[in-house]
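Engineer: Sequence:
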Amino acid sequence: MTHAELTVTLPDGTWVKDVSAANPDATFRVLAALPGTETGFGLVELVADDPRPVLTAMEDHDAITRIELLQAGEDRAMVQFETTQPLLLFSARESRMPIELPIDIVDGTTTLELTASRDRLSELAHQFDAFGLDYAVEYVSPRVESERLLTDRQRELVTTAIEMGYYDTPREASMTELAEALDIAKSTCSETLHRAEEKVIKRFSEGTLHDTDPATVEPQ
Numbered sequence: 001m002t003h004a005e006l007t008v009t010l011p012d013g014t015w016v017k018d019v020s021a022a023n024p025d026a027t028f029r030v031l032a033a034l035p036g037t038e039t040g041f042g043l044v045e046l047v048a049d050d051p052r053p054v055l056t057a058m059e060d061h062d063a064i065t066r067i068e069l070l071q072a073g074e075d076r077a078m079v080q081f082e083t084t085q086p087l088l089l090f091s092a093r094e095s096r097m098p099i100e101l102p103i104d105i106v107d108g109t110t111t112l113e114l115t116a117s118r119d120r121l122s123e124l125a126h127q128f129d130a131f132g133l134d135y136a137v138e139y140v141s142p143r144v145e146s147e148r149l150l151t152d153r154q155r156e157l158v159t160t161a162i163e164m165g166y167y168d169t170p171r172e173a174s175m176t177e178l179a180e181a182l183d184i185a186k187s188t189c190s191e192t193l194h195r196a197e198e199k200v201i202k203r204f205s206e207g208t209l210h211d212t213d214p215a216t217v218e219p220q
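Those letters in the sequence shown? Residues 1 to 220, per this note's numbering, in order.
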């Protein structure tokens, strides 16, 4: 399995590209989406200083065949809609590649985090090309389950460190506080955490810094 992050730009003429490009400060958060035979259906949370002109632009766009306002507030709105150009959904359907939601679309661009085989990712890239979507691969790396990478004790320690803010900037918890929370000696805590960090950093390096050739997803 491979984990990838792609930045995708929707083509001109699609409602979300046209409307979001005209309102670059607005965020379209896609909460749910379903492709039909020739159309697509979606549930979107719109976040903008004033959602009203953005909603009007959606209603007036030729690619929107139906829109229903479900909830409205001062700086956000929830809408359900149907469109004739759900190109992102069609690409996912044709490649049999599920897209993890929610995703945010700003100024016609969104970032997708995907987990699949390289063949499946390549097929998705092929469908993006077929439907006219531009994309850039931010990174591609092997997906490693933490259960296999870290021991139970190391995983517990790393999780606790994150929850207590040990890795925050500024740091919210010290090594001493972390050791006390887990009822272990400070020296043991430091050594165990260092070993866990070493494994994670080395695996990250193997999957990204040294893996220059697979860092692209080529269409088949």
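Don't take every hint at face value.
Unchecked claim - FRET-style restraints, in silico, Cβ to Cβ:
{"no.": "1", "residue 1": "Y139", "residue 2": "A185", "range": "55 to 61 Å"}
{"no.": "2", "residue 1": "A32", "residue 2": "F204", "range": "31 to 37 Å"}
{"no.": "3", "residue 1": "A22", "residue 2": "I184", "range": "54 to 60 Å"}
{"no.": "4", "residue 1": "G132", "residue 2": "P24", "range": "47 to 53 Å"}
What the hints assert, rightly or not - Mimicking DMTMM-like on lysine to aspartate or glutamate, the simulated pairs with C-alpha atoms at most 20 Å apart in a straight line are:
{"no.": "5", "residue 1": "K202", "residue 2": "D129"}
{"no.": "6", "residue 1": "K199", "residue 2": "E156"}
{"no.": "7", "residue 1": "K186", "residue 2": "E198"}
{"no.": "8", "residue 1": "K186", "residue 2": "E172"}
{"no.": "9", "residue 1": "K199", "residue 2": "D134"}
{"no.": "10", "residue 1": "K186", "residue 2": "E163"}
{"no.": "11", "residue 1": "K199", "residue 2": "D183"}
In case anyone wonders, no lab produced these hints; they're calculated from the structure. Just so it is clear, CB atoms sit at the ideal spot from N, CA and C, and this is done for glycine as well.
Engineer: Give a verdict on every hint.
Structural biologist: Right, here's what the structure says about each hint:
Roughly 38 Å separates the CB atoms of Y139 and A185, a value that falls outside the hinted 55 to 61 Å. The hint said 31 to 37 Å for the Cβ distance between A32 and F204, and at roughly 32 Å that hint holds. The beta-carbon spacing between A22 and I184, approximately 57 Å, falls within the hinted interval of 54 to 60 Å. In this structure the supplied range 47 to 53 Å is violated for G132 paired with P24, their Cβ-Cβ distance being about 21 Å.
With a C-alpha separation of about 34 Å, the suggested pairing of K202 with D129 is violated against the 20 Å cut-off. A hinted pair counts as satisfied when its Cα atoms are at most 20 Å apart, and K199 with E156 qualifies at roughly 15 Å. With a C-alpha separation of about 18 Å, the suggested pair K186 and E198 falls inside the 20 Å cut-off, and the hint holds. Between K186 and E172 the alpha-carbon distance is near 17 Å, which keeps this suggested pair within the 20 Å criterion.
Using a Cα cut-off of 20 Å, the hinted pair K199 and D134 is violated, with the two alpha carbons roughly 35 Å apart. Using a Cα cut-off of 20 Å, the hinted pair K186 and E163 holds, with the two alpha carbons roughly 18 Å apart. Under the criterion of a C-alpha separation no larger than 20 Å, the hint pairing K199 with D183 is inconsistent with the structure, at around 23 Å.
Of the numbered hints given earlier, the model fails hints 1, 4, 5, 9 and 11; all others are met.
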